Amino acid sequence: MRRRVLPGFGISLGYTLAYLGLIVLLPLVALAWKATGIGFHGLLQLLASPRTLAALRLSFGGALLAALLNVFLGLLVAWTLVRYRFPGRRLFDALIDLPFALPTAVAGIALTAIYAPNGWLGRWLVPMGIQVAYAPPGVLLAMVFVGFPFVVRTLQPVLQSLARDVEEAAESLGATRAQTFFRVILPVLVPTLLTGFALALARAVGEYGSVIFIAGNIPMRSEIAPLLIVQKLEEFDYAGAAALGVVMLAFSFVLLVLIALLQHWSGRWAERGA
Amino acid sequence: MTLTLDRLSRRFTNFAALDDVSLEMAPGEFLALLGPSGSGKTTLLRILAGLDYPDRGSVTQAGRDFLAASARERNVGLVFQHYALFRHLTVRENVAFGLRVRPRRRRPARAQIREQVERLLKRVQLEELGDRYPSQLSGGQRQRVALARALAVEPELLLLDEPFGALDAQVRVTLRRWLRELHEELQLTTVFVTHDQEEALELADRIAVMNRGRIEQVGTPQAIYQDPATPFVCEFIGRTNRIPLTRHAQAWRAGAWSLTEDPWNGRHREAVAYVRPEHLALSVPDGEPAWEARVRHVYLAGSVAHLDLYVAGIDLALEADVASEDLGRLGLHAGAALRAAPARLVAFPCDDGDGSRPVIDERCSWASPIRR
Amino acid sequence: MSGGSARGGSTGRWLGHVAIIAFASLFLIVFLLLPLASVFAEAFRQGMQAYLASLQQPEALSAIRLTLLVAAIAVPLNLVFGVAAAWAMTRFEFRGKAALGALIDLPFSVSPVISGLVYVLLFGAQGWFGPWLDAHGVRIIFAVPGLVLATVFITLPFVARELIPLMQAQGSEEEEAARVLGANAWQMFFRVTLPNIRWALLYGVLLCNARAMGEFGAVSVVSGHIRGLTTTMPLEVEMRYNEYDYVGAFAIASLLALLALLTLAVKTFLEWRYGDEIAAHAPGGH
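For the record, the sequence lines run as chains S, C and Y.
Under the working numbering, the residue at position 189 of the first sequence is numbered 189, and the numbers go up by one with no gaps.
Under the working numbering, the residue at position 208 of the second sequence is numbered 1208, and the numbers go up by one with no gaps.
Under the working numbering, the residue at position 222 of the third sequence is numbered 2222, and the numbers go up by one with no gaps.
Source of the hints: derived by calculation from the structure; they are not laboratory data.
Possibly wrong hints are sitting among the right ones.
Distance ranges between label pairs, derived from CB positions [to be verified]: (1) S/Leu258 <-> C/Ser1009: 52 to 58 angstroms; (2) C/Ala1169 <-> S/Gly14: 30 to 36 angstroms; (3) S/Arg164 <-> C/Ser1009: 25 to 31 angstroms; (4) Y/Glu2243 <-> S/Leu91: 58 to 64 angstroms; (5) S/Glu234 <-> Y/Phe2027: 46 to 52 angstroms; (6) S/Phe72 <-> Y/Leu2015: 44 to 50 angstroms; (7) Y/Glu2243 <-> S/Arg51: 23 to 29 angstroms; (8) Y/Phe2027 <-> S/Glu168: 26 to 32 angstroms; (9) S/Asn118 <-> Y/Gln2057: 23 to 29 angstroms.
Quantities reported herein were computed from a predicted structural model and do not represent experimental measurements.
Heads up, the beta-carbon is just placed ideally off N, CA and C, and yes, glycines get one too.
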């Protein structure tokens, strides 16, 4: 056996593994094991239930849409913060992390207070026929809110390091601003945008605190999957809750793997370039 | 201290960093490990420092197993290539570190530590900068702090990893001289790793030339330069002309030039000769065997001129050096024709069975009786 | 107004820049500032007196105490874990390192509700260890240990994720130098490693603490909502809100919002002052 030069390999790795085993792995094994309690038939029944399906569709569909919106909004905001100097820029920059730092329950009731029919914005939007609170758009809004910092913060350093001379080269070759953006800048940003998309998605899929207040939680309409898990727990349907949990985890896992593959493909130039 | 390295081997996942390396180190010696990157010299240094361990082989110090001691017990001073100064400590604190971390019973008193640090700072000419942080120093100053820090623990062995690698050319030369003087003063056994032959030739008492994990040759700078032991050393140290030779009956020939004696008594058919640019005779009389060469370019480099020659008969390009003041006397200018022949050479026969691999054991050196 | 890329001559381009800035600013004001402002507006809707009174109720005080207690246990646990994990990950080569990294990140992509659920399945009445714990009179679920466990799970990656890229970038040369100079393991750690990572460590602890104090979903599942015993501040917000005590709910929420603002302020300060010594700036260390 080779002697290690720096001390603490055994103790640090041992502690790390033991801690992760106890805090993360053991509980997840318990989840998977408990989920098998409902059997294959039970799983089919759970998945065939229209209420479960609607909740899963809302959680995953909403999260995908929210992550997509965040990619656009995040790119716009990150671009503005990196490329322009204007009054209030530093304040805005510091505030980007607010959705991350603000406890989700607080975000939930604050968004509800604003978009409820008697709220600051709700009182104008509802008469125009735009209902946000207590409806699916509210779910989407909360999901965009919690995922927003991830996209901006992932993009900022990349935008900052983007070599200006490449843009200048494109312009000197006769490209318009739009051509430069879509043909030169955007392709380089795609892997980063996908990272931000994946982070925002992972956060939004499981989001609970900020969503349940504004969603109204109407079954089949604005009820998210995590809430369904909570309800099953309250009905002491542990196996059902566990099964739904496993389904959510498996689904997120597949999505994240797909994104990672897409990212690998979109960043193929980086491996050769560097 | 006397160190004996015996048959050290160290493999990394896909290459052998050290392959059966043996070496002796005499007390007070200034030894250079010279080789291209990847030749294993840094691995050897790290093994001596206790930061890596060989897979096989031993290092003994006066019969004691040197490898049994951990890095912190070895009492070696190590200067890292990028210095590895503690960025959160001042220069003074960096230098004092090794004394402050000693176990209480061996730790000098505060005042004593302070005194020793000041003495070392003076020695490395940094007494004014003791309160600066590493980030506030120039490369050369950092290098000297790293050296002072390594010397503070009063090591028995000083190890330097590419000590001048990160410095610009001018600082490099100044520091080199300074380090040599310091060594003469301290008489501390010192090993330094470098890929710069000029550095090794100028500084070291002895040089170990390394290539692909093996030591090719160990010797004084003069021996390494004048008497290279292997084709690698011929090509790596200084500049050289590589000339393939073939045997015809009793003579070894390359075009119009030939060597009438056969040192290998007919055992080989092919050989390769190495001739240094300053060992090419450029005005060989008509009776002697020589190449009819043409001067393609003359590069004037101060006191020396480098000539770029071409021998059309055997499609061979040659480099030759002459003193600049001799250019006119010899009539050397681009386009001039001359008769050139080696005055000294080192040759290796090529193994007939295995293509053109030179046989190092049958190396032969030859000097022409004719002076140019 | 616009800097860098604005070049003289083209009025249209200048207008374009102004439009982008104006749109982004308006969006950030409506999307981020408005909710923050509404928390305080709602909290003070019935005046200072009502605000202070609702904060002085015993449930409010016990919720504050409990939140501080949970964070005071969970954050140090994850601090020690983060340092150990970063040391193992960045200073040694071993098989399965990538998998270990993924495992450390895992809690980031697990729904908070599931993070709570797993502990109910382990320690709840019907869980693996439930009956045994019950027989020995130990309560984990619907009690403080459950709250701590769920919080530890949720905040586990923060410190490690902050330290790993930084220690990777710093390399191990300084620690090797300390060893060659004769430092023992503790001297090396406290005199070289720790000073080099202190700001990143503080940064990670800050994020970890913000999340620990504000966590809602995971804690909600294991809490059982026992007033005065197992309700942390975010849970107290929910309970008051569901009881239509809006001023009370927003009063507690305003404290949490202040915590968030404080976190952002310290975070911004650390990034501004010690940016070079903190590897990543993204939330959650990404």
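Which earlier hints can't be squared with this structure? When the structure is compared with the hints, numbers 1, 2, 3, 4, 5 and 6 turn out to be violated.
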